[in-house]
Structures are given as C-alpha cells and as structure tokens.
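The chain contents come next:
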Amino acid sequence: MTQLTQGYPLSSLVKEDGEALSFKVHRSAYRSQEVFQEEISKIWGHTWLYLGHETEIPKAGDFKTRTLGGRPLIFCRDSSGEIQVFLNSCTHRGTVLCRHSEGNTKFFQCFYHAWVFSNSGDLSALPGDDAYVDVPEFREAMRLRSVPRVQSHEGFVFIAFDPDVPDLMTHLGKAAHYMSLTARIGPAGMETVPGVQLYSVKGNWKLAVENAMDGYHFAPTHNTFVGYLRETGFAVTDDDQYAYDLGGGHGLLILTGHNGRIGMVWEPRFGEAEKDRTVAKRQEMEDRLGPELAKEIADASRILFVFPNLLLFDLEALTIRQIDPVAADQTSVRAWQFVEVDEPAEVRALRIKTMVSFVGPGGLATPDDIEAYEAVQRGIEATANAADPGFDWSDMSRGMANEQKGNQGRSIDEGAMRSFWRHWAGVVGRD
Amino acid sequence: MDGKKSKESAVGGRTITRHEVEDFLYREASLLDEWRLDEWFTLFEEGGRMEVATTDWKGWDSASAGSFMCDDYDLIKARVKRLKSRKAHAENPHSRTHRMISNVIILEQGDKTVWVSANFIIHRYRDGGAYSYVGRYEHVLLVEDEGLRFRLRRSIPAMEAMDAGARLSFIL
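As given, the protein sequences belong to chains A and B, one line each in that order.
Residue 161 in the working numbering is what sits at position 161 of the first sequence, and the numbering runs on without skipping anything.
If you count the second sequence from 1, you need to add 1000 to reach the working numbering.
Hints listed in this document are in silico derivations from the structure and should not be mistaken for laboratory results.
Warning: the hint list may mix true and false statements.
What the hints assert, rightly or not - Under the rule of at most 20 Å between Cα atoms (straight-line distance), these lysine to any residue pairs were calculated in the SDA-like manner:
(1) Lys-1087(B) x Tyr-216(A)
(2) Lys-1084(B) x Ala-219(A)
(3) Lys-1087(B) x Thr-237(A)
(4) Lys-1087(B) x Gly-227(A)
(5) Lys-1084(B) x Ala-365(A)
(6) Lys-1084(B) x Val-226(A)
(7) Lys-1081(B) x Ala-235(A)
(8) Lys-59(A) x Asp-1056(B)
(9) Lys-1081(B) x Asn-223(A)
(10) Lys-1058(B) x Arg-99(A)
(11) Lys-295(A) x Glu-284(A)
(12) Lys-1058(B) x Pro-58(A)
(13) Lys-1087(B) x Ala-219(A)
(14) Lys-1087(B) x Thr-232(A)
(15) Lys-1058(B) x Asn-104(A)
(16) Lys-1084(B) x Thr-237(A)
(17) Lys-1084(B) x Pro-268(A)
(18) Lys-1084(B) x Asn-104(A)
(19) Lys-1084(B) x Val-157(A)
(20) Lys-1087(B) x Arg-230(A)
(21) Lys-1081(B) x Gly-227(A)
(22) Lys-1112(B) x Asp-1145(B)
(23) Lys-1087(B) x Asn-104(A)
(24) Lys-1087(B) x Ala-375(A)
(25) Lys-1077(B) x Pro-268(A)
(26) Lys-1087(B) x Val-236(A)
Whenever a hint applies, use it, and build me the whole structure from the sequences.
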C-alpha cells in the first residue's frame, strides 16, 4: 500500500467513525504532491473524464485544443463528421502538433519537420519518405495517437486514457439521467455558445468539487448575492433542498427554494415578458415530454457533479464547468454557457446576463467561492506537521446522525461531500 | 471627419478632444483605485451597461455569447452595493489596484456619443499575491455639456486566461 511521508496509507486519509458520528479528511489530501500524483495516475489516468460538448465543434474540420490531466489534446470533428480525440503530440518526435486553441482544418501540420496528419489521424505526408523502409507500414504505424476511449452521452463527450474502463453509461450510472434532463430543456436541443470562461484558482481541485456539493456555505458565503435576490423580489430559502449520492463518486443537489429558472420558474428580475413566455414554455415542455418529466426538469434547480471533473449547474440558466488539476494547489477551470438551440434573442440575452451575474470569476457569487477555497488552501498550512497531529484534519460530519437514520440528506449537510470522499478513498487508496 | 485618425470629434455642437477623454478615463481609474465606488457609479448614464469579455473574445455581442461580466444598469448598481459590503468576501479586505491607461484613441462619433479605445494595465495585489491584467477598453461615451458618461463600458482582456488567483472580483 502506498504510504505518505507522514505515515498514513492513502486510503486512511479519510476517517469515518459511525459510532462517534465523525467524518474527517486528512489535510494532506489537499496539500501533498504525492497524493496529487496518485490522483493523476489513478483517477485521471483510469477514469472517464469530461472533455467537451459536441456542439463546441459543430462543423466538419472544427477543432479545439485543451489540456486534461496534464495531457495536451486535440478535440476535433473530422471531414466525415466523426468526433476524434487525439493526443496533441506529433508521432515523430512528440512536438505539440496543433498550437492554436481552436479553428477549422483538414490537416494538422507539425512545424518542426513538416509531417502532415489528416483530421482523422492519417499521416498523409512526410518530407523525404523515401528514406523510410516499408513506407505504407511506416505511415500506418505513425498515425496520430487517438485517446483510447471516446464516448458521448447527450452530446457530452467523455474520454479515458485507459482502454479497459467500463462503458461510459456504466460509469455515469444514475448521473446519466440528470444529464438527460438538462439536454431536453430545448425543443431543438441544447448547445454551448462561444465566450468560454477560462480561469485558474489557487486551490486543490477537490475543494472546487466540495464547494459545489456544499449547500452549507451558501447563505454565509453568498450573503451579498442572496441580498441582491431579495431586493429583486425573490426570497431564497433552504427548505426542500436535498443532496443525493448517485454512486460512483457522483453527487447531486436538488434545490427548490434556491432561485428562478428561465422559461420554467419565473422570478421578478426576469421581467414581465418572460413571465408570459414561462407559461408558454412550460406548456411546450408538457406537450413534448409529458407532465411528469416536464415537472421534474422544470421545477427544481440542480447541481450535478460527475466524478471527477464535470459540474453541471442547472440553475436560473445552465453552465457546464470542467475542472482540471494542474498541481496540488492549483486548478484550471473552463466554463461554458449551455443554451437552448434557436431560442429567441431576448431570451438568450436574459439567460446569459442572469447566469454570468452569478457564476464565473466576474459574477456576484463565484468570486466568494473562489475566495473560500483559496483561503482553505492557505489556511491548512497552519496545521501541517502540527505538534498535535489531531489538528491536521478537516471535519465533514454535519448531518451524519440524520444520514444514519436513513433520512434523505439535506443540501445544507455535508453528505454529498462524504459520498465523494468515500469514493475517492476507494479509488486513490487502491493499489 | 476621418474617425480613426482624428484626435478630436465634434459631437452635439461641441468638440471632444482626446485630452478630455483621457481626463475622464484617468479620473475613473483613480476613483476605482481609491474604492470610491458611489462616485464611480455616477460616471454611467442611467441605463448604462458594463461588459468584460472572455479571453477567447472575437467580437461577439454579450447577448449571444458568454462573458465575464455583462451588467445592465441595475446589476452595476448591485455590484457596487455588494463591493461596499464587508460580506463581499472576495474583496474583504479590498484588493489594492494600480491602473495605467494609455493609447487613448477616439474611434468614431455618433450624434450624441463618441467611441473610444484605450489600453490598460491593472496591477492587483492581495494576500501576498501580485496579478497583472492587461487589455483594452472599447467604450461608448455619452457627450453632455458638463462632460462624458458611460453608455457602454467594455473591457477586453488580452490574456489567454485568468491566471491562478486572478479572479475578477474587482472592476476591470
């Protein structure tokens, strides 16, 4: 079993005591470079990862480059319209092949020795190929390296660097249903729009997960945002807000008293025109999906976490957030607004304005979340190697008594964080 | 008048000089650096807007693409109120900021407005960290007898992404 310098086996970084109703996480889980390397290997190397949405590359030849778990990748749609995901590295000597962040192309050419690959991965030209023996075989062997597994659910594209992972739908389990709810909001489907929020935080990636699954922080951390909502005529409550363990490390908060939903639950700041449209939109959804499904989609806000790196904020409007670990104390984030295809321009504008006012590093709420987990990252240095090693643990036992009684966990408890950590301990602690 | 090359622009019967635009932008910069946010808010006309584009911006309208900020007048007001609160945790204590504005150009004139661009470098310091924000402003300013006011205040970051720690909890 892998040992840490402090002598804890990795799986012992999470300590649960059912009798004492105590759940603790050792703070080296956020600080330690060794833990980080174990995560890159055991989670990012062997689990399905959220890469991007198919609508980011709508046309043949469209591509985006991005890094995931430290590996540069090309996410593209080839000339026949198929989604391809390649390691962004020339098969010759390893140069980053595509150095643009996005574009449209039939070919990727390495600038170093001018090898040319098609957007379906074939090595289509290499200067001086007469100097290689068995040229056709050589070309075949030098195809672009595809990521071993690529599968989509409702347009959400996931990849795995391990060819032996179970199928995507097995991995997603119960989380797949909640992704489908989101995908059915628009009669013509959903799409990402350009204008991606790219930012990094000085905090461990797991703090970003915890923060999203932690309803307890909402009122104190977002006091100013809650105040703004009240002033616009919408009262926020934490009644009927629950947390669900979806298994596999995935988590869900279902929030009914949290906020309005554009086209589904009206609130005054959306304006009078949107009030009428909400009635029509609800009817459209009922006609198309049936009353039960329409109700499930429309009546509650949801924050879905798909282990390990996708967060779907289905709130006033929708945001897809992807988290990517850079170092033990640094995380990159990419966030897309997710909108109804062909919705009226004024609704699109309202949707974007409303979501951006809340989420993202320039919103009225997310900066306080970032402040919180960056402050955790700084603060937990205080107890590293403390005289009393008992100080160096974070507590996540809120609501455990209720959990043991079998009651549905509240979003203002820490149950969703516990289910994440139990799964994490199983994956990272496994040798 | 040939917009791009002009130093001044005749709007509503009076002449706007680059000097006047620079004074307006410098005054704005000092109000923000000194956290005099109520005074800063008076620089907007009623119904004015503020936008901060994302780092992948290619000229998109903030009504059809994501952005870092796209505040209507009410949201700017809410933002000022929030930033003055001690419960705006991301800015309590406040960041120290230091703004440099340059390359001011009058781009175009309308009947009541003037379009200007300018470059900015904003240094921000907080919690022992130092962050630089580099970019360009593209503003639409309402010309009034007594001075200029923002109809649209738009910041366009030049960076590839907001670096670690470089959130936008202040006014860019």
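Evaluation of the provided hints:
Of the pairs offered as hints, the one joining Lys-1087(B) and Tyr-216(A) holds, with about 16 Å between alpha carbons and a cut-off of 20 Å not exceeded. The straight-line distance between the Cα atoms of Lys-1084(B) and Ala-219(A) is roughly 18 Å, inside the 20 Å bound, and the hint therefore holds. With a C-alpha separation of about 19 Å, the suggested pairing of Lys-1087(B) with Thr-237(A) holds against the 20 Å cut-off. Of the pairs offered as hints, the one joining Lys-1087(B) and Gly-227(A) holds, with about 10 Å between alpha carbons and a cut-off of 20 Å not exceeded.
Between Lys-1084(B) and Ala-365(A), the direct Cα distance comes to roughly 15 Å. Compliance with the 20 Å bound is thereby established for this hinted pair. Restraint check for Lys-1084(B) and Val-226(A): the C-alpha separation of about 15 Å stays at or below 20 Å, so the hint holds. Only pairs whose Cα atoms come within 20 Å are accepted, and Lys-1081(B) paired with Ala-235(A) is accepted, the gap being roughly 18 Å. For the given pair, Lys-59(A) sits about 19 Å from Asp-1056(B) by alpha-carbon distance, which is consistent with the 20 Å threshold.
Simply put, Lys-1081(B) and Asn-223(A) have alpha-carbon atoms about 12 Å apart, close enough for the 20 Å limit, and the pair holds. About 18 Å separates the Cα atoms of Lys-1058(B) and Arg-99(A), which keeps this hinted pair within 20 Å; it holds. At roughly 12 Å between alpha-carbon atoms, Lys-295(A) and Glu-284(A) fall within 20 Å of each other, so this suggested pair holds. Restraint check for Lys-1058(B) and Pro-58(A): the C-alpha separation of about 17 Å stays at or below 20 Å, so the hint holds.
Of the supplied pair hints, the one linking Lys-1087(B) and Ala-219(A) holds, its CA atoms being roughly 11 Å apart against a limit of 20 Å. With a C-alpha separation of about 19 Å, the suggested pair Lys-1087(B) and Thr-232(A) falls inside the 20 Å cut-off, and the hint holds. The hinted pair formed by Lys-1058(B) and Asn-104(A) meets the criterion: a straight-line CA distance of about 15 Å does not exceed 20 Å. Annotation: proposed proximity of Lys-1084(B) to Thr-237(A) is violated, straight-line Cα distance about 24 Å (limit 20 Å).
Among the hinted pairs, Lys-1084(B) with Pro-268(A) is inconsistent with the structure: their alpha-carbon atoms are about 24 Å apart, more than 20 Å. The hinted pair formed by Lys-1084(B) and Asn-104(A) fails the criterion: a straight-line CA distance of about 46 Å is larger than 20 Å. The suggested pairing of Lys-1084(B) with Val-157(A) is violated, with an alpha-carbon distance near 42 Å, which exceeds 20 Å. For a cut-off of 20 Å, the pair hint linking Lys-1087(B) to Arg-230(A) stands: about 16 Å separates their Cα positions.
Restraint check for Lys-1081(B) and Gly-227(A): satisfied, since their Cα atoms lie roughly 10 Å apart, inside the 20 Å limit. Proximity of Lys-1112(B) to Asp-1145(B) is assessed by CA-CA distance (about 11 Å); at most 20 Å being required, the pair is judged to hold. This hinted pair does not check out: Lys-1087(B) and Asn-104(A) have alpha carbons roughly 46 Å apart, beyond 20 Å. Simply put, Lys-1087(B) and Ala-375(A) have alpha-carbon atoms about 15 Å apart, close enough for the 20 Å limit, and the pair holds.
Note on Lys-1077(B) and Pro-268(A): the hinted pairing holds, with a Cα-Cα distance of about 17 Å set against a maximum of 20 Å. With a C-alpha separation of about 17 Å, the suggested pairing of Lys-1087(B) with Val-236(A) holds against the 20 Å cut-off.
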